[in-house]
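Residue numbers (the working numbering), protein chains in the order written: chain A, 2 to 209; chain B, 2 to 209; chain C, 2 to 209; chain D, 2 to 209.
Take these hints with a grain of salt, some might be off.
Just so you know, same-sequence chains aren't split out, so a pair can sit in one copy or run between any two.
What the hints assert, rightly or not - For lysine to any residue, the following SDA-like pairs were computed, each having C-alpha atoms within a straight-line distance of at most 20 Å:
#1 K5 - Q200
#2 K72 - E205
#3 K16 - M60
#4 K17 - G165
#5 K175 - G165
#6 K72 - A57
#7 K16 - S58
#8 K33 - P203
#9 K111 - V44
#10 K16 - A53
#11 K7 - S181
#12 K111 - S181
#13 K5 - P166
If you are wondering where the hints come from, they were derived from the structure by calculation, not from laboratory data.
Note that this is a predicted model, so its numbers are computed, not measured.
Letter by letter, the chains look like this.
Protein chains: 4
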Amino acid sequence: MSRKLKALILNCSLKKSNEPSNTDAMLNDFIKIFDGKQVESEVIRVADYQVAYGIASDMGDGDEWPQIWEKVKEADILLVGTPVWLGEKSSISKLVLERLDGGSSETNEKGQSIFYNKVAGAAVTGNEDGAKNAGGDLIFGLAQLGYTVPPNPLAYWVGEAGPGPSYVEAEGYKSEFTQSTIQMAGHNLVHLASILNEQPIPAEGNAS
Amino acid sequence: MSRKLKALILNCSLKKSNEPSNTDAMLNDFIKIFDGKQVESEVIRVADYQVAYGIASDMGDGDEWPQIWEKVKEADILLVGTPVWLGEKSSISKLVLERLDGGSSETNEKGQSIFYNKVAGAAVTGNEDGAKNAGGDLIFGLAQLGYTVPPNPLAYWVGEAGPGPSYVEAEGYKSEFTQSTIQMAGHNLVHLASILNEQPIPAEGNAS
Amino acid sequence: MSRKLKALILNCSLKKSNEPSNTDAMLNDFIKIFDGKQVESEVIRVADYQVAYGIASDMGDGDEWPQIWEKVKEADILLVGTPVWLGEKSSISKLVLERLDGGSSETNEKGQSIFYNKVAGAAVTGNEDGAKNAGGDLIFGLAQLGYTVPPNPLAYWVGEAGPGPSYVEAEGYKSEFTQSTIQMAGHNLVHLASILNEQPIPAEGNAS
Amino acid sequence: MSRKLKALILNCSLKKSNEPSNTDAMLNDFIKIFDGKQVESEVIRVADYQVAYGIASDMGDGDEWPQIWEKVKEADILLVGTPVWLGEKSSISKLVLERLDGGSSETNEKGQSIFYNKVAGAAVTGNEDGAKNAGGDLIFGLAQLGYTVPPNPLAYWVGEAGPGPSYVEAEGYKSEFTQSTIQMAGHNLVHLASILNEQPIPAEGNAS
Numbered sequence: 002m003s004r005k006l007k008a009l010i011l012n013c014s015l016k017k018s019n020e021p022s023n024t025d026a027m028l029n030d031f032i033k034i035f036d037g038k039q040v041e042s043e044v045i046r047v048a049d050y051q052v053a054y055g056i057a058s059d060m061g062d063g064d065e066w067p068q069i070w071e072k073v074k075e076a077d078i079l080l081v082g083t084p085v086w087l088g089e090k091s092s093i094s095k096l097v098l099e100r101l102d103g104g105s106s107e108t109n110e111k112g113q114s115i116f117y118n119k120v121a122g123a124a125v126t127g128n129e130d131g132a133k134n135a136g137g138d139l140i141f142g143l144a145q146l147g148y149t150v151p152p153n154p155l156a157y158w159v160g161e162a163g164p165g166p167s168y169v170e171a172e173g174y175k176s177e178f179t180q181s182t183i184q185m186a187g188h189n190l191v192h193l194a195s196i197l198n199e200q201p202i203p204a205e206g207n208a209s
Numbered sequence: 002m003s004r005k006l007k008a009l010i011l012n013c014s015l016k017k018s019n020e021p022s023n024t025d026a027m028l029n030d031f032i033k034i035f036d037g038k039q040v041e042s043e044v045i046r047v048a049d050y051q052v053a054y055g056i057a058s059d060m061g062d063g064d065e066w067p068q069i070w071e072k073v074k075e076a077d078i079l080l081v082g083t084p085v086w087l088g089e090k091s092s093i094s095k096l097v098l099e100r101l102d103g104g105s106s107e108t109n110e111k112g113q114s115i116f117y118n119k120v121a122g123a124a125v126t127g128n129e130d131g132a133k134n135a136g137g138d139l140i141f142g143l144a145q146l147g148y149t150v151p152p153n154p155l156a157y158w159v160g161e162a163g164p165g166p167s168y169v170e171a172e173g174y175k176s177e178f179t180q181s182t183i184q185m186a187g188h189n190l191v192h193l194a195s196i197l198n199e200q201p202i203p204a205e206g207n208a209s
Numbered sequence: 002m003s004r005k006l007k008a009l010i011l012n013c014s015l016k017k018s019n020e021p022s023n024t025d026a027m028l029n030d031f032i033k034i035f036d037g038k039q040v041e042s043e044v045i046r047v048a049d050y051q052v053a054y055g056i057a058s059d060m061g062d063g064d065e066w067p068q069i070w071e072k073v074k075e076a077d078i079l080l081v082g083t084p085v086w087l088g089e090k091s092s093i094s095k096l097v098l099e100r101l102d103g104g105s106s107e108t109n110e111k112g113q114s115i116f117y118n119k120v121a122g123a124a125v126t127g128n129e130d131g132a133k134n135a136g137g138d139l140i141f142g143l144a145q146l147g148y149t150v151p152p153n154p155l156a157y158w159v160g161e162a163g164p165g166p167s168y169v170e171a172e173g174y175k176s177e178f179t180q181s182t183i184q185m186a187g188h189n190l191v192h193l194a195s196i197l198n199e200q201p202i203p204a205e206g207n208a209s
Numbered sequence: 002m003s004r005k006l007k008a009l010i011l012n013c014s015l016k017k018s019n020e021p022s023n024t025d026a027m028l029n030d031f032i033k034i035f036d037g038k039q040v041e042s043e044v045i046r047v048a049d050y051q052v053a054y055g056i057a058s059d060m061g062d063g064d065e066w067p068q069i070w071e072k073v074k075e076a077d078i079l080l081v082g083t084p085v086w087l088g089e090k091s092s093i094s095k096l097v098l099e100r101l102d103g104g105s106s107e108t109n110e111k112g113q114s115i116f117y118n119k120v121a122g123a124a125v126t127g128n129e130d131g132a133k134n135a136g137g138d139l140i141f142g143l144a145q146l147g148y149t150v151p152p153n154p155l156a157y158w159v160g161e162a163g164p165g166p167s168y169v170e171a172e173g174y175k176s177e178f179t180q181s182t183i184q185m186a187g188h189n190l191v192h193l194a195s196i197l198n199e200q201p202i203p204a205e206g207n208a209s
């Protein structure tokens with residue numbers, strides 16, 4: 002009865018998709034969870050697009066964000082993936098937050114922010130320290146925009162302090178802990194999206 | 002049919018309740034929303050209790066956290082209020098996160114973290130800059146523990162950069178923007194707690 | 002006897018220099034301080050350049066960062082200016098940190114990081130909340146790279162919580178507090194750069 | 002000729018000194034550096050003191066912060082050590098920042114903040130992720146109060162994502178990377194304190 006849910010996965014690696022991304026390896030495990038729950042998913046490597054700087058849904062002049070923005074609006078689930086640089090989320094993931102903010106004046110049919118009744122989470126990989134800082138900034142930013150955040154919304158892996166191998170080379174995906182964060186974040190995103198699909202947040206106190 | 006929901010409000014002011022708290026003034030507006038939605042609420046001034054340092058539910062030796070912890074477990078909604086000091090949440094609010102973490106090994110009857118199917122938000126007042134940093138740290142921390150976070154989970158007021166009057170003296174509660182953040186956070190906490198009360202998050206991918 | 006000091010000011014506004022920037026207005030007050038202390042200064046609007054994503058000094062393929070990078074290496078003082086978006090520094094300022102990190106393997110003649118004996122600060126404007134979070138991330142990131150940070154390294158202005166006029170329109174530059182932060186950050190950057198110019202940090206414990 | 006420098010080390014572990022602290026093990030390596038440079042040092046386990054909540058130098062009523070505060074004022078170097086809890090610095094380290102803020106209205110003989118011409122750094126240990134977030138908050142907070150921050154002011158160790166052994170058990174002190182952060186932070190604190198001892202920051206633009 003309930004319609005099929007959609008998940009949009011934005012990989013905010015600094016590299017285009019002609020180069021392998023460690024974060025992608027983690028996102029693939031999310032796709033398996035989404036597949037198993039009959040949730041349609043699509044991964045976008047944001048660096049492949051010419052996304053302009055600015056706070057609007059369409060900055061014109063060749064800006065390719067509008068292509069992504071249409072998919073954001075169609076998706077029930079938004080998962081933002083980012084590598085860690087200097088202990089923080091990537092510049093591209095911050096650009097994504099800014100562009101989402103540019104669309105935050107759009108509303109749904111009940112007058113709520115367009116992001117209401119959608120759920121969000123984050124997936125972070127780095128060779129060392131910074132995953133919670135990176136993920137926390139993303140998750141709080143998305144909640145402020147209007148996304149609902151499930152329990153344990155962050156999947157992550159980082160190695161020991163200092164330079165070292167990254168997720169794929171270090172086989173971080175074999176970490177029992179990291180797998181549990183992926184399972185929790187992946188399943189909880191689907192669970193909460195399903196619940197909100199059946200029983201949306203009423204337009205009381207939150208609609209313009 | 003559905004049971005009456007409960008909200009626990011932890012005011013993490015550095016002052017005991019024999020002194021007025023600006024954050025309290027904001028929390029009172031939440032109580033009105035909770036009352037209007039038939040949600041039972043209780044405010045605790047954490048500084049009134051001898052809360053020990055440490056990562057356990059009960060540190061013994063006169064530790065009064067266990068009194069608060071029982072109420073945390075009974076509440077469907079947790080609202081953490083904090084003032085801003087040096088652009089950050091208060092030390093007492095960080096102490097609360099640490100003590101909640103100490104209870105995170107407890108599970109509900111489905112084997113999920115004890116915080117599952119509970120919702121959390123934050124209320125922040127300061128005389129200047131720092132509300133989102135303070136609130137974001139709290140909200141992300143609570144989500145990591147297992148709370149579900151509704152859209153727009155942060156109510157806040159801060160004045161212009163620099164020293165100046167605080168919330169009550171500045172009549173920050175008259176700010177249309179601040180009131181809208183209170184209304185959104187307050188209502189969304191109740192909405193999401195009601196939804197999860199009727200339709201809890203299934204124990205799939207998230208239970209031990 | 003001592004050579005003339007140089008300051009490089011990177012304005013990380015999301016707008017190109019054909020549009021007015023609030024942050025620029027604050028940076029102009031820094032230039033006055035630098036002029037008064039015979040410090041040569043230059044402002045670069047980073048958005049005017051095609052700065053590639055990545056962690057290297059030169060990403061090739063039309064990357065214009067190398068033009069900025071040469072100036073970074075020549076400057077004794079680095080001042081990073083950023084607007085606040087969603088309570089955080091701009092994506093462009095994060096891009097700048099990433100690109101600086103790409104150059105961090107270069108060393109000076111004593112084998113220290115190329116950033117040693119240079120000093121750094123930040124200037125932040127926003128219409129509301131987030132200046133310390135934005136500035137703190139920049140300042141800590143620069144210190145980790147090897148910059149020395151003077152006391153009170155952050156100049157900022159933000160208005161009261163919620164939407165409102167920005168720095169120029171709100172005449173934030175008239176704020177006595179904001180002016181004092183500009184004076185402290187501006188003078189302390191020059192003071193510390195002068196001190197380190199005369200008495201550099203010895204290559205002991207910090208050189209490769 | 003130049004007077005002997007003093008370093009104060011505040012260990013903000015949640016445990017009193019009758020229990021071993023992982024952070025202490027790292028701080029011991031700093032003491033060796035300080036000894037080697039003829040810098041007198043003292044470690045205080047803050048949890049051993051009854052430090053009251055509040056923003057003043059002396060909260061009265063048995064408050065033991067004044068004992069620590071006197072040592073803060075005498076020290077040329079302040080090193081704050083903290084464990085990581087939930088990816089953040091400890092509540093006790095935040096309490097220390099608040100109490101330092103309470104003394105920030107005191108000035109030196111030139112009218113500058115009492116913290117001028119003193120230098121600060123941080124040492125962080127955790128079993129996983131969060132060192133830069135913890136250390137960055139401390140370092141920025143201390144710079145805002147008036148401390149000068151040397152290059153590479155943060156020494157840290159954390160293990161791979163997830164539960165695991167802490168610093169001592171994991172022999173994190175054997176990490177070449179962690180040792181290099183200790184050497185850099187330790188030496189740079191002494192270098193900069195020596196430089197500022199000989200050539201203090203002039204009272205221009207920064208004095209009341």
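With identical chains treated as interchangeable, where does the CA-CA distance between K16 and A53 reach 20 Å or less: within a copy, between copies, both, or neither?
both (17 Å within a copy, 10 Å between copies)
For K175 and G165, with the copy left unspecified, which applies at a CA distance of at most 20 Å: within, between, both, or neither?
both (16 Å within a copy, 15 Å between copies)
Regarding K111 and S181, is the shortest C-alpha distance of 20 Å or less found within a copy, between copies, in both, or in neither?
between (36 Å within a copy, 17 Å between copies)
Have a look at K17 and G165 and pick one of within, between, both or neither, based on CA distance no larger than 20 Å.
For K17 and G165, the Cα distance exceeds 20 Å both inside one copy (22 Å) and across copies (34 Å).
From the Cα coordinates, with 20 Å as the cut-off, is the pair K5 and P166 best called within, between, both, or neither?
neither (38 Å within a copy, 43 Å between copies)
Intra/inter-copy verdict for K33 and P203 if alpha-carbon distance must be at most 20 Å:
between (32 Å within a copy, 19 Å between copies)
Measure nothing new, just compare the shortest in-copy and cross-copy C-alpha distances for K111 and V44 to 20 Å and report within, between, both or neither.
Neither: 29 Å inside a chain and 33 Å across chains, both beyond 20 Å.
Within, between, both or neither, where K72 and A57 count as close if Cα-Cα is 20 Å or less:
within (16 Å within a copy, 32 Å between copies)
Identical-chain pair category, K72 with E205, by Cα at 20 Å:
Classified as neither; 27 Å inside a copy, 27 Å across copies.
When Cα atoms must be at most 20 Å apart, do K7 and S181 count as within-copy, between-copy, both, or neither?
neither (22 Å within a copy, 30 Å between copies)
I want to check one pair: K16 and M60. Are their C-alpha atoms no more than 20 Å apart within a copy, between two copies, both, or neither?
between (23 Å within a copy, 11 Å between copies)
Is it within a copy, between copies, both, or neither that the alpha carbon of K16 lies no farther than 20 Å from that of S58?
Answer is between: at 15 Å across copies they meet the 20 Å cutoff, but 23 Å inside does not.
Consistency with the previously given hints fails for numbers 2, 4, 9, 11 and 13, ordered from lowest to highest.
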